[in-house]
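Visitor: The chain contents come next:
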Amino acid sequence: MSASKKRYAMTVDTRTCVGCKACVLACKSENDVPDGFCRDWIVEEVRGEFPDLSAEIRSERCNHCSDAPCVSVCPTGASNIAEGGVVLVTHGKCTGCKACIAGCPYDARYVHPKGYVDKCTFCLHRVQKGLQPACVGVCPTGTLTLGDRNDPASAVSQILRKRKSKVNHPESGADPNVFFLV
Amino acid sequence: MNTTLLESVTTRANHLIDPGLAIWGWQITVYLFLGGMVAGILSLSALLELRHGKPSSPIFRTAPFVALGILSLGMGALFLDLEYPFHVWRFYTRFQLASPMSWGSWILVAVYPAAFVFGLGSLDDSGRSFVRSWVPKNLEGLYDRVEKHAIERRREILTGVFFIGLGLGVYTGLLLGTMAARLQWNSALLGPLFLVSGLSTGAAFLLLTGLHEEERKRIVRWDVNAIGTELVLILLMLIGFGYGTESARFAASNFLGGPYTPVFWSLVVVLGLVVPLLMEAVEAKRHLPFTLVTPALVLVGGLALRAILLAAGQDSAFRLIP
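So the sequence lines, in the order shown, correspond to chains D and E. Just so we're aligned: 138 in this note's numbering is position 137 of the first sequence, and the numbers increase by one with no gaps anywhere. Just so we're aligned: 248 in this note's numbering is position 214 of the second sequence, and the numbers increase by one with no gaps anywhere.
With the rest of the complex left out, here is chain D (with noise of 0.2 Å):
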């Protein structure tokens, strides 16, 4: 991965993230995500014994991982790495399978009612505008920040640098760009 190149990650706090679905809510309604589907998604983890719990609270999606199962798997190019890293599925191309659902280590996508498969895009049309991901931006939290990994200077960045991370799953190798704060 060379430095030039642009590499998207996203963070979550999971330290702020009050599990409102804000985002859920907000991603269905810029991506047409179609009535039961969602391409994020709260997961909240309670550990300990009582009275001594604590609870996680995280907004996941699609890793876009830097080494993507779903993408190796693809007979038909179909699934693809688009700018920045960012994982995406060509619809015209996806004969619908369902490889790369099997291949996914975080059960991140769906097959559309239309018949393709479907996912997080990190909102790359709105990206390449300069705008922030819908969940991104509709969060009252403030809890999740996109940015590009790659320019030390971008908040993703300065994040990253600052607080302690981790991200779900590292022993599936596939190398995820959702980190989550802890």
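Read the hints as simulated data drawn from the structure, not as lab findings. Yeah, the Cβ is synthetic: ideal placement off N, Cα and C, and Gly gets one too. Any given hint could turn out to be false.
[As the list claims (entries may be wrong)] Label pairs and their computed distance ranges (CB to CB):
1) E:W123 <-> D:K167: 41 to 47 Å
2) E:S106 <-> D:T142: 30 to 36 Å
3) D:G37 <-> E:R189: 57 to 63 Å
4) D:G138 <-> E:V266: 55 to 61 Å
[Said to hold, decoys possible] With a Cα cut of at most 25 Å, we get these calculated SDA-like pairs of lysine to any residue:
5) D:K22 <-> D:S166
6) D:K94 <-> D:K115
7) D:K167 <-> E:G278
8) D:K115 <-> E:D52
9) D:K165 <-> D:G143
10) D:K94 <-> E:R128
11) D:K94 <-> E:A111
12) D:K115 <-> E:G54
13) D:K167 <-> E:T45
14) D:K22 <-> E:L354
15) D:K165 <-> E:L40
16) D:K115 <-> E:E117
17) D:K115 <-> E:F120
18) D:K29 <-> E:G276
19) D:K165 <-> E:R353
20) D:K115 <-> E:G278
Fit chain E to the supplied structure of chain D, relying on the hints for placement.
Guide: Leaving out everything else, chain E in the frame of chain D:
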């Protein structure tokens, strides 16, 4: 150390994804089973002729065409699984080196002409003139050239068919084996396992058609080897999972005490492998009359192996490890 996870709640409830993957159903089971069986029929009949000359049992005259019929049924099932079937031609607009499904689509395309020329050489003269009667007038010249090669270059064709059959058998296993996200499939042993299972079900299919004594004995002997190898591969797979990392041990536990234990051991191991293996061994030793029960059990076992691995694989993901 992390404190114990008490509860995990998600708002995601995507159809076919949650609570567990349910993207591949009976269509894929049927395809993997029939594809493996066709791989077995083609490779075994080619090998039989390579080693012992043209076989005399009636099935071998038409076996390549029968195999193509069965493969077409399997591909029909595969087609039914596609969510966007009108885009099926997209498989053939490119070759994706890292995608076993892409390898598979091109192998399937190679099987048809290979089995067809194999079949032309297997037919007798009356069979060939029957095929020729279906060829359109303007293609007769081409057909005659193909038929000439089918007869004259028999050895090369048999060798080619043998390896294309092996490729077909291996790929059906690797298709699953390369999905690291599905802990139950995360073993390259699935390639050889599905191959020998395919050889065994292919042998079972040939045995069901009633072979001449000499050829039946040969196929049974090969089948004994295939079943024995399959048992060893299953053992190795379980050892690999059982002594592996946390995710591999999750996969092992499915078959060693977990939810898939009863069906896997009863249908696949005992009924589909151990019993037919013993029956074939006893029949050969004691010169007992051959029964159709043995091949029928092998077929049941082969189908069960694929159905169970397909279900258990979709039921395995990193998020399910506590």
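Visitor: Now tell me if each hint is right for this structure.
Guide: Status of the hints after comparison with the structure:
| no. | hint | verdict |
| --- | --- | --- |
| 1 | E:W123 <-> D:K167: 41 to 47 Å | holds (43 Å) |
| 2 | E:S106 <-> D:T142: 30 to 36 Å | violated (57 Å) |
| 3 | D:G37 <-> E:R189: 57 to 63 Å | holds (58 Å) |
| 4 | D:G138 <-> E:V266: 55 to 61 Å | holds (58 Å) |
| 5 | D:K22 <-> D:S166 | holds (22 Å) |
| 6 | D:K94 <-> D:K115 | holds (13 Å) |
| 7 | D:K167 <-> E:G278 | holds (24 Å) |
| 8 | D:K115 <-> E:D52 | holds (19 Å) |
| 9 | D:K165 <-> D:G143 | holds (17 Å) |
| 10 | D:K94 <-> E:R128 | holds (11 Å) |
| 11 | D:K94 <-> E:A111 | holds (21 Å) |
| 12 | D:K115 <-> E:G54 | holds (22 Å) |
| 13 | D:K167 <-> E:T45 | holds (21 Å) |
| 14 | D:K22 <-> E:L354 | holds (23 Å) |
| 15 | D:K165 <-> E:L40 | holds (24 Å) |
| 16 | D:K115 <-> E:E117 | holds (8 Å) |
| 17 | D:K115 <-> E:F120 | holds (12 Å) |
| 18 | D:K29 <-> E:G276 | violated (42 Å) |
| 19 | D:K165 <-> E:R353 | holds (22 Å) |
| 20 | D:K115 <-> E:G278 | violated (40 Å) |
In terms of the numbered hints stated before, the structure departs from hints 2, 18, 20, listed from lowest to highest.
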